[in-house]
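Residue strings, one per chain:
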Amino acid sequence: MSSLPASNSPSTGSFTQDVFVRSLASLSHLPGWWLDLKNKAWNEYQALPMPRRTDELWRNASIQNLRLDGFVLPERAGPLLLPGSSPAFKAAAGLAFANNRLQATTPLPPDLKRKGVIFETIEHAAVEHGELLRRHFLAQPVKLGSEKFTALHTALMTAGALLYVPPGVELAEPIVITHVVEGPGAAIFPHTLVIAGENAKVTVAEFFLSADPAAGNFSSGVNDLHAEPGSQLTYLSAQNWGRGSLSFQTNSTVVQRDARVLSLNVHLGGRQSRHESHSRLQGPGAHSEMLALTVAQDAQEFDQRTLQSHLAPHTSSNLLYKNALLDTAKTIFSGLIIVDPDAQKTDAYQSNRNLLLSSEAEANSLPGLEIQANDVRCTHGATSGHIDDEQMFYLEARGIPRQTAKELLVFGFLEEVLEKLENEELHSALREMIKNKFKR
Amino acid sequence: MSQLEIKALHVNLAEREIVKGITLTVKPGEVHAIMGPNGTGKSTLAKAIAGHPDYTITSGEVLLDGRSLLEMEPDERARAGLFLAFQYPNEVPGVTIANFLRAAMQARLAEGEELDATGYYKQLYAKMDSLKIDHKFTSRSVNTGFSGGEKKRCEILQMAMLAPKFALMDETDSGLDIDALRIVSDGVNTLRSSTLGILLITHYQRLLNYIVPDFVHVMYDGRIVRSGDKDLALELEAKGYSWVKKEIVHA
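Chains as they are written, first to last, in the working numbering: chain A, 613 to 1052; chain B, 7 to 257.
Read the hints as simulated data drawn from the structure, not as lab findings. It is possible that some hints are incorrect.
[To be verified] To be clear about the criterion: a stretch of chain B counts as covered by chain A if any three or more of its residues have a C-beta under 8 Å from a C-beta of chain A, and this derived list gives those stretches: (1) 49-63; (2) 109-118.
[Unchecked claim] Partner residues are not named here, just some residues of chain B that face chain A (Cβ under 7 Å, in silico): (3) 96; (4) 98; (5) 99.
[What the hints assert, rightly or not] The calculated DSSO-like cross-link candidates involving lysine-lysine, where the alpha carbons are at most 30 Å apart (straight line), are: (6) A/1018 to B/128; (7) A/702 to B/142; (8) A/1018 to B/171; (9) A/813 to B/142; (10) B/142 to A/1018; (11) B/251 to A/1018; (12) B/142 to A/1047; (13) B/128 to A/1047.
Every value quoted in this text rests on a predicted model; they were computed, and no experiment measured them. Each residue gets a CB set at the ideal place from its N, CA and C atoms; glycine is no exception.
Kindly generate the complete structure, drawing on both the sequences and the hints.
So this is what it looks like as structure tokens:
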């Protein structure tokens, strides 16, 4: 190994200094503070090591497959005709990105604009709403292991959305954001920042797709949610990258007094996908509902790391992550609840449930608690099991063929999470996506 | 002619013989009650006929309209016209009654044929009305969080929708209070017709006040030890199961 030139360590893979410099050169129209931030992130990316086998935060993960070579910052995508990629439901507004560029816009209706709702690309926001963006952009970073990939994201990110809903404004229909990646080895860096003002109410749905379902793409994304006092924020994401893809996604959720955030992440695509989510409950009465659904097939690996930080008294959080595993698929769930000394009357729950549909699938569960207050209720649990034979017989005894019965039971398992979504159309759009995955 | 024929049936559960040679023929329009003390093999008989994987048929035959049921998978048996009303209906979280029954109805159609949704719901709501089941139940998960009475009504609803030729009703009265028993019995009586044969398994005679059988069979230690008409049930009620043991078996 000593013959390797020193420049190979730390590893930057395909994302060389040259790539960064070219990317930065195309952004000269943006404010200096934005470019500084990127420079800083680039240095961080270079300095940070790749995850190591001994890293507790990467326990059970196949770190040998995290290689960052073979990827490129793609050219503009061709006209995208993606059947079934734009789910059919009513949206208040939408932004669709392809290959790190804005591809299509469904503008906000005039009345929402009048009320002060901002829904812009992140670059536009850097120019037009610099203060707002500066205050919230990566303000409370996630530190659950993917810092190197988040730094890469910040350095190279050009496509993203800022949504700001002013105090008291309620949106009846969801805001939709789509990120599509096209081309062999194409790498994208999606970013979403949502700020729900005091007593505001909004639903955001985000879709991540590869143009080619078999593609080996790369994505490192961030979605940050900020719920001001009394607001209600619902965030939904569906990840359906091409089957050869490597992806990292981090989420920071900040919940202030009496605010309520529900986030649901659906994981379907990719070869290896890592998702990190950190909820911070900062004010009394704050609640975070953290939900995830994964359907893991073939040799797919889904790695989910979560942190529920209770920082104020009378806060609650409820985490339910469900994985359905087929073939030789692998999932990792590692979750921690931390209750601060002052966070009395915390009510925190964490549950990871795995449905093993193959004897060769592997579900890893690493739940954890760290409680520093004495008057709290915290529970966690992890279960892994097969389809229940008695349930199976009950369905078959009604004439339902074995395969259909199995699908119904798997959907039943997932439905417990899906049914928490109030928006019927989003619910059925997600159900459709999951159904399609089972069809292969 | 259509019939369900059980011929010298022997059934094992975990290497132990539970049903020790039962022969019985049910014709359309007939209601046969099988009575007997607990642990005598009544439920085993029903589950084995329906194809529950825990039970092994060691010898004998079950024919539905001349076709051997024992060579079919449980779902094929159901589609051939058999229905098992469960003693303890399973909870199926996340699967709504509407979707569950829809899948069961769809499975009965020819390949490529789609169930007519409007007609399906119309039929479902009508059957629910007759069983006094709230329409809201269609979107509830099958049996999940249901009371004992609700579960049994849900079984009858399924039976009404799937229109079997022969129904095996396993302890349909267990866990029911008198009001629920009446509703469930009314439901079964509504379904009684010249095209449906019923094998009614019960521990208690009281069910037979509501669903009056054409034949009563007393089962003891895996065998039918006496058969008669509905008066046999009354006699059994009056004398108790100890009478069966003393007078019939050891006679």
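Notebook entry, point to check: So which hints don't hold here, by number, going up?
Noted result: Number 11 only.
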